[in-house]
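Enquirer: From first to last, the protein sequence lines are chains A and B.
Counting the first sequence from 1 gives a position; this note's numbering is that position plus 2.
Counting the second sequence from 1 gives a position; this note's numbering is that position plus 2.
The hints are simulated quantities; they were obtained by calculation from the structure and are not laboratory data.
Misleading hints may appear alongside valid ones.
The list makes no distinction among identical chains, and a pair is therefore deemed to hold if it is satisfied within one copy or across any two copies.
Unchecked claim - With a cut-off of at most 25 Å between alpha-carbon atoms, the simulated BS3-like pairs for lysine-lysine come out as follows: (1) Lys-69 x Lys-403; (2) Lys-383 x Lys-9; (3) Lys-417 x Lys-384; (4) Lys-69 x Lys-354; (5) Lys-417 x Lys-9; (6) Lys-347 x Lys-69; (7) Lys-383 x Lys-365.
Since the model is a prediction, treat every value here as computed from it, not as a measurement.
2 protein chains.
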Amino acid sequence: MDNTSSKDVSFEQAEGYRYVEGGVCAAKGYQAGGLNCGLNPVKEKNDLALLISDTPARAAAVYTTNKVKGAPILVCQEHLKKTGNMARAVIANSKNANTCNADGVEKAEKMCHLAADALQIAPEEVLVASTGVIGEILPIEPIESHIGALAKGLSASGNLEAAKAIMTTDTVKKEAAVEFELDGKICRVGGMAKGSGMICPNMATTLNFITTDACISADMLQQALSEIVRVTYNCLSIDGDTSTNDMVLLLANGRAENAEIRKEGEAYRKWKEALYLVMLHLTKMLAKDGEGATKLLECRVEGAPDSETARIVAKSVISSPLFKCAVFGEDANWGRVLCAIGYAKADFEIDKTYVSIASKNGKVEVCRDGAGIPFSEQEAKKVLSADEITVWVDLGQGEEKGRAFGCDLTYDYVKINGDYRS
Amino acid sequence: MDNTSSKDVSFEQAEGYRYVEGGVCAAKGYQAGGLNCGLNPVKEKNDLALLISDTPARAAAVYTTNKVKGAPILVCQEHLKKTGNMARAVIANSKNANTCNADGVEKAEKMCHLAADALQIAPEEVLVASTGVIGEILPIEPIESHIGALAKGLSASGNLEAAKAIMTTDTVKKEAAVEFELDGKICRVGGMAKGSGMICPNMATTLNFITTDACISADMLQQALSEIVRVTYNCLSIDGDTSTNDMVLLLANGRAENAEIRKEGEAYRKWKEALYLVMLHLTKMLAKDGEGATKLLECRVEGAPDSETARIVAKSVISSPLFKCAVFGEDANWGRVLCAIGYAKADFEIDKTYVSIASKNGKVEVCRDGAGIPFSEQEAKKVLSADEITVWVDLGQGEEKGRAFGCDLTYDYVKINGDYRS
Chain A
3 MDNTSSKDVS
13 FEQAEGYRYV
23 EGGVCAAKGY
33 QAGGLNCGLN
43 PVKEKNDLAL
53 LISDTPARAA
63 AVYTTNKVKG
73 APILVCQEHL
83 KKTGNMARAV
93 IANSKNANTC
103 NADGVEKAEK
113 MCHLAADALQ
123 IAPEEVLVAS
133 TGVIGEILPI
143 EPIESHIGAL
153 AKGLSASGNL
163 EAAKAIMTTD
173 TVKKEAAVEF
183 ELDGKICRVG
193 GMAKGSGMIC
203 PNMATTLNFI
213 TTDACISADM
223 LQQALSEIVR
233 VTYNCLSIDG
243 DTSTNDMVLL
253 LANGRAENAE
263 IRKEGEAYRK
273 WKEALYLVML
283 HLTKMLAKDG
293 EGATKLLECR
303 VEGAPDSETA
313 RIVAKSVISS
323 PLFKCAVFGE
333 DANWGRVLCA
343 IGYAKADFEI
353 DKTYVSIASK
363 NGKVEVCRDG
373 AGIPFSEQEA
383 KKVLSADEIT
393 VWVDLGQGEE
403 KGRAFGCDLT
413 YDYVKINGDY
423 RS
Chain B
3 MDNTSSKDVS
13 FEQAEGYRYV
23 EGGVCAAKGY
33 QAGGLNCGLN
43 PVKEKNDLAL
53 LISDTPARAA
63 AVYTTNKVKG
73 APILVCQEHL
83 KKTGNMARAV
93 IANSKNANTC
103 NADGVEKAEK
113 MCHLAADALQ
123 IAPEEVLVAS
133 TGVIGEILPI
143 EPIESHIGAL
153 AKGLSASGNL
163 EAAKAIMTTD
173 TVKKEAAVEF
183 ELDGKICRVG
193 GMAKGSGMIC
203 PNMATTLNFI
213 TTDACISADM
223 LQQALSEIVR
233 VTYNCLSIDG
243 DTSTNDMVLL
253 LANGRAENAE
263 IRKEGEAYRK
273 WKEALYLVML
283 HLTKMLAKDG
293 EGATKLLECR
303 VEGAPDSETA
313 RIVAKSVISS
323 PLFKCAVFGE
333 DANWGRVLCA
343 IGYAKADFEI
353 DKTYVSIASK
363 NGKVEVCRDG
373 AGIPFSEQEA
383 KKVLSADEIT
393 VWVDLGQGEE
403 KGRAFGCDLT
413 YDYVKINGDY
423 RS
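Looking at chain A on its own, in the form it has when it is part of the complex (with noise of 0.2 Å):
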């Protein structure tokens, strides 16, 4: 489990993109910091992220559904009316999710003024997250006495330094960016993120932060991010919970000096693709990651009547607690499979059904038209035996297609949550 090379996850390629490094600060024109201001006892850990774009940018976010939002999440809503969707900087503490507290929203507030006044913007221009323990109230000295040298560390590299400040009981950072071109111009987007419990992201996620140096307008940009968030984030679950402070920040401060993307068109449809293999590719971080997890579980399914039918029984597959176990036990139990596509909450057929479980090791049919074929146990559990599971399911009725991530469940989930104020 510490063996954190094991948390790589394989990149998905698409002709005309390439992934680059630099996370937040791939794109022109951002720079970024983290350090241990003393949320966090251990002093090795970062727990405070700053990340800052060198001119203005038009901002998009999604939030999460849950009728608890967390304080920072109230006053971002309110900063970008203010602004009219417009952000320069991003501030973000972990330990402690400033939720639930009475003094939420004056510490969030807080936190935008400092930030602010370290770095000579105004408050509005700065939005806020939080991450951590709900209900406890958040001390805001340890910021207030290591905003100075956050803001003076900040550079074009501290993307690295600032993932690290967001991760709770995450083992890796999470970072991702791709560069293609626009109007002969070389563009990025780039992102980080942190999980990696309490992850069911619904019209959002987890606390995600990105980036680009295109040139977009506001109503596109959020058009984009809510697209994207529907086939990405809102397709992963680790454990069902849908979190109170699930945040997803887009910057596009156009340093890319592409023409401005207004409407749907050929620059649009390019650039949304570079969003999606960013968010995507932080996704699967984020499942591979959960915790506890120790693989990658996928469900793609095909031959469904419509994309969210497909979504849906993705979603229920690589949710179910019981297949999850099985995945952790390399046990090919298929059945379970075909129980949670049954309970899924969609209007399908079931007796179409094709299941089958791959990995880069092989792959193995165990299901045809909703009932089981016979298979051999140990090709199965040579395919179970790696790190990247993938489900596939054919409902046999239609041409639509969706995926969904998670990852196994496992003795270390109980654990962390057990024994941990997380």
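Once you've looked at the hints, dock chain B against the given chain A.
Expert: Below, chain B alone, put in the same frame as chain A:
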């Protein structure tokens, strides 16, 4: 975990009702039995149960809403249609669900025929149920060769052997029965159930068989069953997985000789309360013996705008994997309770919420008006060290109530479901 006495559930008192022994044989005119026929290789474990009413009984049933339905369900539906909701006997096996098999219906019908021949009744008077692994062909030979001995051994004290025969990963047998007076006659309702994983009933639950000697019309029998299922089994979740073979069968043979209950009124209310007490107790037994569970977890919601909202909120709390782990770890992580209330799919305001955590060891208030309040961690730890924990939630926006039942999430849940194709 093997200390079965820790799985005992405290009885809820209700005036005019007395808990009695006897399970499905508590009511007059029922005989039962169970044995090992060889489906289970462990000879000491029963795997085949038979239940008979000495005289024809009216029957009511509810089944799983999973699109994948076990073959026994299809056969029960067909038989009850043929007989106009009358039945004489039930045959049930464990170790094999007879689900997702091409020959499933044929085998389920064969089970009914074998029982009918042995009991000298018509095959359509027999109902059938199976539980165990999905998608493995059911061997009929062991049943065929043991049905004679099973029928011969039926007795009015055979309830225990029958209850044992339907157990899968259950660690204790589950029976309950109550006695009360109706029209000056002694009347009884009793039942047995099996758990203990793939439990998230929806309009039904895993195998449950209830008998009564009350005289009641088939319509009123079904009405009461559907109504009580909604507030008992449907408010239970071990792991969120709705099984393919869920079924509750209720038989009423009229042997108590009360005046037939044909409409709502005092007699119906009185009998329905007995049914509620039996099903409530079985529900709590199922929850407390959830796979790997060490604690019964109940959530009681008050102050809700309607009872459906109360139940949805209660079920959301007892279903949260994060909170279930915290209960296992005896950590008063109430933020997870509020988070689970917040994502419950119902329409209500969150900021009036009051939460306290209680057990036989005391009660600790942790949240008022949706915000945390100071509490003694030591006191909370003491409360959580009990083996039956109740989370009290007051939504502060109405008069309605609801309850839901679950258990903690432990290493053993993962072990049971990772190691063993159950």
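Enquirer: To test your reading of the hints: which numbers does this structure violate?
Expert: none
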